[in-house]
Amino acid sequence: MLRFASILGFIILTITPTASCADSFSALIQPVFREHCTGCHGEEGKVKGKVNLFEIESLSSLAGHTELLQELVDVVEFQEMPPEDEPQLSGEVRAELLVELNRLLRNSVNEKKAYPQSPMRRMTRFQYSNAVEDLFDLKVTAFTLPEEMLREIKPYFNPATGVMPQEASVGCRPLGKSQLIQRRLGGVVAFPQDLRAEHGFDNRGDHLTLSPLLMESFLKLSRSIFESPDFNAKNCGKWQEWFADPGAEAGDLDDEFRSRIRSILYSAFRSDVDEATIDRYMELALAKTGSGMSFTETMKMIGSAALASPRFLYLYDKVNSSGESEAATDYELASRLSFFLWGSIPDKELLALADSGKLSDPATLRGQADRMLNHKKLKRFCDSFPSQWLQLDRLVSSLPDPEEHPEFYFAKFRVSMHMMLEPLLLFETVLIENRPVIELIDPDFSFRSDLLQSWYKTGKKGKSTPPTMIVYDRVPITDRREGGVITNAAVMTMTSNATRTQPITRGAWIGAVIFNDPPEPPPGDVPPLPEEPLHGEENMTLRERLDAHRERKDCKGCHAQIDPLGFAMENYGPTGLWRDTYENGREVDSGGVLFRKHSFNSPVEFKDAILAEKERFVSGFAGHILSFALGRELSPADSLALDSALDQCRDDDFQFRDIIKEIVMSEPFRYKSNFPDPSSVAQNP
Amino acid sequence: MIKTASRRTFLRGLGGSTLALPWLESIAAPRSKPMQRFALFYVPIGVVRKGFFPGEAEATVPKFAGGNGVPLKKPGIIEAGTHEWNLTPTQEPLAGIKDKMSFLSGLDRTYLQGTDVHAQCASCFLSSATPTSVKDSPYPLDRTLDHLIADSMGGETPFRSLEFSCNSHRDNKESIQFDNISWYGTGHVAPSIRDPRKAYERLFGVGEAKTYLNITDLVLEDAKAMQRNLGYRDREKFGEYFDSIRTIEEQISKLEKMRNKLSKVAIEEPPEAHLPRGEYIRLMGDLMVAALQAGLTQVATFMVGPERWDTPFTYDSLFDKPMSHHKMSHNQREFLDQLLELDRFHMEQFAYMAQKMDAIPEADGSTLLDNTLFTYGSGLGDGSTHQYSDLPIIVAGSGGGKFQSGKHIHFEKGTPLANLWLTQAQAMGSGMKRFADSSGILKQALV
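Chains as they are written, first to last, in my numbering: chain A, 1 to 685; chain B, 1 to 447.
The set of hints was computed from the structure by calculation and includes no laboratory data. Glycine included, each C-beta is placed from N, C-alpha and C at the ideal position. Please note that the accuracy of each hint is not assured.
Cβ-Cβ distance ranges computed for the label pairs, FRET-style [stated by the list, open to error]: (1) B:E334 <-> A:K614: 38 to 46 Å; (2) A:E403 <-> B:S317: 47 to 55 Å; (3) B:E221 <-> A:P522: 46 to 54 Å; (4) B:P131 <-> A:P522: 15 to 23 Å; (5) A:N52 <-> B:G401: 31 to 39 Å; (6) B:E334 <-> A:F445: 51 to 59 Å.
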């Protein structure tokens with residue numbers, strides 16, 4: 001959960017002396033708690049949301065609770081508390097309270113500077129594939145990734161130009177057969193796909209684990225790569241350097257092996273390799289050649305051992321020297337950068353800079369981030385982050401009722417395959433062209449295929465193109481009801497079921513994706529909405545039918561936040577088409593209030609409301625990116641650091657590349673927290 | 001590679017779990033009795049109570065009222081105690097083998113607020129955690145029963161346990177908690193094998209694995225060197241690498257010794273073609289039974305499908321147009337017939353596997369099924385109400401004569417499912433005294 005701290009909080013730069021802090025507690029904080037909070041939060045055994053403010057008797061019992069302080073700041077700033085039907089805080093009190101709480105929060109974080117640890121974790125399938133390609137400079141892909149959504153058929157992705165072309169020829173058949181068209185190493189079978197976390201990405205450290213079954217797959221995989229008939233001089237850019245038999249020209253065979261092994265391991269392990277390790281691999285090499293194995297086969301075996309080694313498979317940082325967060329080493333930084341922006345191991349240039357100790361120099365680091373953002377390998381970031389961020393995998397299994405939506409289907413395909421790429425191409429454009437990220441919400445352009453254009457205009461697919469290759473044109477968006485990552489057919493379809501829209505699902509999606517504030521899971525005994533309206537409800541709108549379940553007090557709390565977001569989208573039917581009325585003739589009511597501050601009466605006004613809360617979106621979005629970069633969830637310390645990073649981007653209206661660069665320069669990205677033992681651990685987090 | 005008895009070779013949970021399992025010395029007595037097995041057949045999304053539970057045939061189909069903690073059935077439909085077992089419609093496929101199994105009803109689980117109902121019911125079905133024992137995860141999930149039982153066995157078999165699943169992964173939208181019932185520890189999933197050909201190769205494949213031994217030594221050394229540079233939390237997690245490699249090495253060496261015996265097991269290599277669902281499930285079932293028969297493992301879990309499976313599916317043999325199991329389960333009234341058909345379909349597969357086991361003779365004249373505890377169960381008592389109480393449980397086999405057969409036993413209100421697991425674990429020879437929130441063993445289920 002990530003928020004943008006109040007601007008007032010920034011005014012407090014120094015750590016205030018304890019005396020005045022204690023005063024502010026007894027003079028301001030505690031009275032507010034007693035008057036407005038403890039009635040539900042602590043008194044008489046009532047501890048709603050497990051937050052107990054009654055038992056906080058003094059400053060010291062509040063000061064160390066970073067998580068609680070962050071929560072308090074959030075609910076006060078965004079006026080989520082006190083609840084709507086209770087007496088509110090006056091504007092003045094609210095402002096003062098925020099100042100104090102933010103001060104406490106900063107103190108609490110600054111006292112023991114510690115960010116959470118990014119746990120060591122194995123590579124995901126996606127990263128492994130990229131790493132093998134990069135390591136051996138393959139001209140083909142190592143193994144196909146059927147889950148891939150956006151396939152570049154004709155090359156269009158060129159970030160160095162700073163421009164997306166007017167047209168992109170791409171393919172889309174996730175989990176379909178088009179991967180057979182892609183050139184790859186024959187005979188290689190990958191391990192299963194890593195699924196994304198419930199609220200996170202597939203690179204989450206705490207979700208990626210190893211088991212004997214999986215390790216067997218890795219062993220098999222590493223062998224099959226080298227045994228593939230396509231792993232040869234033609235397809236492997238490193239063949240000459242590493243695998244080709246030196247023949248008669250070679251001097252001492254030992255030296256030859258040694259230097260090649262050193263080179264492979266250095267690149268594969270992306271760090272210094274000590275002599276003892278090289279000795280080990282030499283032993284294997286000599287044993288194999290000794291028993292008659294050819295030079296090339298021996299080197300392939302070395303390659304396969306390197307790929308099975310934990311030093312290749314795992315992303316990790318070496319242990320800290322103390323119990324406080326400290327700067328990561330240059331090699332560690334190189335890997336963080338490359339796995340973040342290229343989904344793969346660092347390249348020669350990064351390793352060279354790490355080797356010379358120059359990478360952590362701020363100017364160099366920034367320069368490298370720039371270089372990487374200009375490189376075509378940035379496509380890996382675009383192949384991994386946006387589809388997970390937007391949860392587009394949900395679209396793959398969306399099947400609107402064929403009887404009600406026959407136009408959705410054609411041949412073996414579905415319109416959703418065309419829909420899926422619209423938000424992805426938008427994302428790539430905002431990134432490549434370094435646009436302000438708010439354009440993800442309300443852009444004046446989009447990328448659409450002919451089929452998709454026809455769909456939006458007429459609800460019919462027109463000329464149906466099989467998704468093995470589709471041409472997407474850059475088109476202007478003049479009707480603000482369209483375009484952006486929210487109001488597009490892909491998202492609207494995947495947040496509906498076979499026969500109707502699901503406003504609560506949409507609301508939850510908007511909360512999680514757009515504001516990085518996913519709702520809690522529902523309690524176990526929630527009744528569903530019957531598919532057919534009950535007797536007497538036939539004439540109701542969907543909103544009216546759902547009103548009934550918001551009568552329960554314990555449901556209101558969450559649903560007051562979730563529902564308005566989803567109902568704002570009610571004009572978009574289950575396949576993303578605009579509608580003014582329901583089937584029963586009633587008009588769609590898409591009005592509501594955002595964050596209790598901005599009222600809206602239509603999706604366009606809803607977008608305006610989001611634009612009015614731009615920094616909240618930016619902050620949430622940057623949080624998603626930081627979480628992806630770190631492979632873990634964020635803590636209050638991370639949030640504060642992120643706020644400072646975003647400060648640097650405000651003048652230029654939060655352009656995408658700038659945000660990424662500032663994230664790279666931020667402390668959470670550059671620091672590590674691998675404490676040597678539990679006793680040395682600082683109090684935070 | 002000699003392993004000392006005191007070293008932990010089993011996979012541990014993550015995050016410095018304080019789950020200190022006693023390392024039980026394997027008692028190397030000569031085998032007087034056939035090897036005992038534990039197997040589980042997990043059915044997702046519960047059942048339609050009307051068709052499964054006696055006395056509820058005339059009950060109104062739930063409108064989704066009630067739920068966890070709210071008693072659904074009217075008190076007094078079934079009395080606690082042992083009854084004659086008359087097969088209900090969903091149970092009819094068991095007709096030919098009913099006298100080798102028992103129907104247990106009235107067992108409950110606790111649902112912990114804070115996670116999805118479906119995710120918790122699958123991932124925690126076999127969990128050894130109590131509702132309060134896990135601090136850093138919203139799931140009360142810790143090392144699952146199958147691994148704990150495997151821990152207590154002698155470690156003679158090449159595979160300590162096998163995990164099968166019939167989730168053919170046509171889509172990829174659920175997170176791991178919906179998709180897995182077997183866990184090494186909190187957050188550490190024991191992934192299952194879903195592809196019949198891969199399963200076959202893993203179990204019966206010819207010696208390819210041996211070639212890995214070349215590099216396992218090497219990479220283990222890399223791992224040891226690497227470990228010296230890790231922080232304390234990472235060192236814990238990194239244990240998974242060592243354990244994985246060592247497990248594979250042991251597996252390979254044991255499989256080698258069994259080559260001859262394995263070549264006598266009658267199972268054909270699965271075809272490449274895409275199979276209709278029923279055939280697919282039965283094929284995976286054949287592989288599991290063969291593995292148990294051949295002594296490749298003593299512990300196996302079989303997850304028929306993921307929880308909350310939303311994806312519309314024809315279940316090939318069953319429906320004309322794609323139906324979503326989960327969606328149907330929320331509307332029992334509209335889809336009553338289809339759901340009952342689906343429940344029966346799953347029961348048919350369970351019956352098939354049990355019958356197959358019962359057709360395999362052991363040296364002493366008993367059958368494989370007699371020496372197994374093969375349980376059919378689901379984490380929900382009803383797919384519509386999402387209740388965690390009064391779960392559908394059928395135990396096939398007697399675990400070497402220990403469990404009652406041919407009866408319907410209804411347990412008193414509030415009897416934890418964990419009691420059944422504890423009873424089964426003890427029957428398998430484990431010394432455990434408690435499991436999750438167990439309050440004792442189910443004496444009535446025992447002979």
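Verification of the supplied hints:
Distance hint for B:E334 and A:K614: a CB-CB separation of about 45 Å, consistent with the stated range 38 to 46 Å. Between A:E403 and B:S317 the Cβ separation comes to about 23 Å, which falls outside the hinted range of 47 to 55 Å. Remark: the range hint 46 to 54 Å for B:E221 to A:P522 is upheld by a beta-carbon distance near 50 Å. Checking the proposed 15 to 23 Å range against B:P131 and A:P522 shows it holds: the Cβ atoms sit about 19 Å from each other.
Checked against the hint of 31 to 39 Å, the pair A:N52 and B:G401 fails, with Cβ atoms roughly 54 Å apart. Checking the proposed 51 to 59 Å range against B:E334 and A:F445 shows it is violated: the Cβ atoms sit about 44 Å from each other.
The structure is inconsistent with the numbered hints 2, 5, 6, although it conforms to all the rest.
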